[in-house]
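Novice: These protein sequence lines are chains W and H, in that order.
Going letter by letter, the first sequence gives residues 1 to 288 in the working numbering.
Going letter by letter, the second sequence gives residues 1 to 212 in the working numbering.
It should be emphasised that the hints constitute simulated quantities derived from the structure, not laboratory data.
Possibly wrong hints are sitting among the right ones.
Stretch by stretch, here's where chain W covers chain H in the computed footprint (C-beta under 8 Å, at least three residues) [what the hints assert, rightly or not]:
| no. | stretch |
| --- | --- |
| 1 | 8-18 |
| 2 | 26-35 |
| 3 | 47-54 |
| 4 | 97-111 |
| 5 | 186-197 |
Even glycine gets a Cβ: it sits at the ideal position worked out from N, Cα and C.
Read off the chains here:
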Amino acid sequence: MLKPRLIGLVLVRDGLCVQSIGFKRFLPIGRPEIAVEFLNRWGIDEIAVLDLSATARGSACDAETVKRYSRLCQVPLSIGGGIRSVIDVKRIIQAGADKVVINSALAAEPEIVTRAAEHFGSQCVIASIDARRGPAGFSTWTRGGRQASGMAPAEWARRAVELGAGEILISSIDQDGSRAGYDLDLVRSVTQAVSAPVIACGGAGHPRDLAAAIAAGSAAVAVGNMLHYTEHSVIVLKRALEALAQPIRLDSYVTYRHSEVGPEGRLAKLSEEALDALRFRYIPEETI
Amino acid sequence: MTRIAIVDYGMGNIGSVANALDRLGVTPVVASTGAAIVPADAIILPGVGAFHAAMGNLRRSGLDRTLTEEVVSKGKPFLGICLGMQLLARESTEQGLTSGLGWIDGRVVRLDPAASLPVPHAGWNEVQLGPPSPLFGRIEPSAHFYFDHSYHLECGRSITTATMNYGGVWCAAIQQGHILGVQFHPEKSQRNGLRLLRNFVTYVQKRKGESC
């Protein structure tokens, strides 16, 4: 069966990988290449590198940087931020990315989506939609949440798919960095509007948040902040999803299937008997 | 030295296939002309995009004739990836009827999964292995591979070496003698993908050793 995808978000600001809170506060993590390398090694299903400062700077990711990420990444790689022309798309794809993420250009130059899809197929274009919850429903924002588009996210998503986008990345600005879970109403409003795969984004703090977003119809869940600072974060998260009976691809060397998952979504300490019975075993790295 | 040519015909992400082979210590040649393909021991045809555009590119550059000469006449090992496998069929119904390279008896039609599952079929799916194939050594049954496609290859069971389940059972890999093909993307399938590419390289080296 087809497994829902866990997408690792690497958010970049002025060349530095960051955690983002409400699209306003940013905590530095370190070099983006290191984040890409670790996510790949820990068995992430897909990686998206989004440059948050690119639109303001006026330039998309350069070919050399994409090449560096691509060499470290044996899963599908998406690149986003500041893409304003088909030339940008071409350069990024030729440098080794599989998909591009288009957000602000959806408002400014929507024909990019159509032309990129004609050239490389619609599977290569992800339309990214940032939304806020308001008294009158959800509203869509571009330029990092600074400019209102005047349309509802569902309507915006339908338009993006008509233009040729193959996937929709729906992010909640309110939930971003809150660890309070995805905005499920927002996710549902989009999954009900389009048949294209939808990626839920913004607010994941517990494995059950991911399972809830998948139950709400999203084909993939994007996780950023939650994957930093913890060793084997991807594997532990996937193990916790398995413990919640959520099917997910977990085929890394280490699986933690012998461990219980505690109520907070982290691995529980092994029992004294299990610790006593532990034997260290040397597992040499496989040479492929 | 094993020389593997990756055919660059303007369709999609050639770089990731080259990266994966680099990781295995095999430096491939990215070949966009017939002259660059001829010296190779084996040929990989990757591809993402539309069948019609891909065949057009192959014909315009004359690469279709070179490939047929090298693979079918001279018997060089060949691996088609995703669209690169579909192109081997007689024809495709994508954007009107287009004839393919016609090396294998099959046709490419739109995926029509039951239960109105979404098309494209994009993501990690388990692959069920059929008869033993050189490509799938050291790969566990039901291993996950990354798929991303809206069309699929309809072909006889005799050449199908693996299938996948997505609202129906569809072809995931084929073998007809030295002509191999996979519907998924080994270059994007982490360890299982690297193993598969290593198996292909080993297969090429074995065949080369035998013919010397």
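Novice: Run every hint past the structure and note whether it holds.
Specialist: These are the hints, each one checked on the structure:
1. With 4 residues having a beta carbon nearer than 8 Å to a beta carbon of chain W, the stretch 8-18 of chain H meets the requirement of three or more and the stated coverage holds.
2. Check on the stretch 26-35 of chain H: 0 of its residues sit with their Cβ under 8 Å from a Cβ of chain W, so the three-residue criterion for coverage is violated.
3. Judged by the Cβ-Cβ criterion of 8 Å, the stretch 47-54 of chain H is covered by chain W as claimed, because 3 of its residues qualify and three suffice.
4. Only residues whose beta carbon comes within less than 8 Å of a beta carbon in chain W count, and the stretch 97-111 of chain H has 0; fewer than three means the coverage is violated.
5. For the stretch 186-197 of chain H, the stated coverage by chain W is satisfied: 9 residues place a CB nearer than 8 Å to a CB of that chain, which reaches the threshold of 3.
Of the numbered hints listed earlier, those contradicted by the structure are 2, 4.
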